[in-house]
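Numbering (UniProt numbering), first residue to last: 1 to 165.
I should point out that these hints are in silico values taken from the structure, not numbers from a laboratory. Treat the numbers as computed from the prediction; the structure is a model and nothing was measured. Among the hints, erroneous ones may be present.
[Said to hold, decoys possible] Once the Cα atoms are required to be at most 20 Å apart in a straight line, the calculated SDA-like pairs of lysine to any residue come out as:
{"id": "1", "residue 1": "K109", "residue 2": "G90"}
{"id": "2", "residue 1": "K9", "residue 2": "Q75"}
{"id": "3", "residue 1": "K32", "residue 2": "Q75"}
{"id": "4", "residue 1": "K120", "residue 2": "V134"}
{"id": "5", "residue 1": "K9", "residue 2": "S19"}
{"id": "6", "residue 1": "K63", "residue 2": "E127"}
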Amino acid sequence: MIPVFKRRKGDGSLLISDSGEALAVRRERRGKGYYVPPKSPTVVRADAVGRVQHLGGDVRNSKHLLGQFQIQFGQFRNETFLWLAENALGYIAHLVAITENESAHSDSKNNWVNKMALVKYLRLFPEGNEAISVKAGKKGRSLPLPLPLHHRSFQPPPIQYEPSR
Numbered sequence: 001m002i003p004v005f006k007r008r009k010g011d012g013s014l015l016i017s018d019s020g021e022a023l024a025v026r027r028e029r030r031g032k033g034y035y036v037p038p039k040s041p042t043v044v045r046a047d048a049v050g051r052v053q054h055l056g057g058d059v060r061n062s063k064h065l066l067g068q069f070q071i072q073f074g075q076f077r078n079e080t081f082l083w084l085a086e087n088a089l090g091y092i093a094h095l096v097a098i099t100e101n102e103s104a105h106s107d108s109k110n111n112w113v114n115k116m117a118l119v120k121y122l123r124l125f126p127e128g129n130e131a132i133s134v135k136a137g138k139k140g141r142s143l144p145l146p147l148p149l150h151h152r153s154f155q156p157p158p159i160q161y162e163p164s165r
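Build the full structure now, drawing on both the sequences and the hints.
Printed below as a string of structure tokens:
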């Protein structure tokens, strides 16, 4: 339930390119641009709780629970954060680097809450922080580590704990 981050043999640098599995998902979904509304944060969380319990994890462990959240937008929609960390680390590191510097008003409420959960998840791991720094640097900007979420002016609404229907 904890991601296995891959490193290059030799120099030990973090691999942030897409895995073969991620490339296959990209190919399969390319050109299928239909809109499906994102699930509510409550449903995303309830679904994750169910997966964690099914896998024998601890729902009180943020790494276990957030790892089973599903991304609600983009080319990897409905993949878990854990799957993304293991298969498309560069993609989510790029998303996090951008998200940490954008306004909450630039996105739907459900997508913003989902992005903030992704930020929190990836920042739980040293390798996640390393990948974010690499992606932020590639954009020609030096992004400081953000303040912890509880110090920001924007706070996503609390997720109510109720089972999905």
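Comparing the hints with the structure gives:
| no. | hint | in the structure |
| --- | --- | --- |
| 1 | K109 to G90 | violated, 24 Å |
| 2 | K9 to Q75 | violated, 29 Å |
| 3 | K32 to Q75 | holds, 9 Å |
| 4 | K120 to V134 | holds, 18 Å |
| 5 | K9 to S19 | holds, 16 Å |
| 6 | K63 to E127 | holds, 13 Å |
Checked against the numbered hints above, the structure breaks hints 1 and 2 and satisfies the rest.
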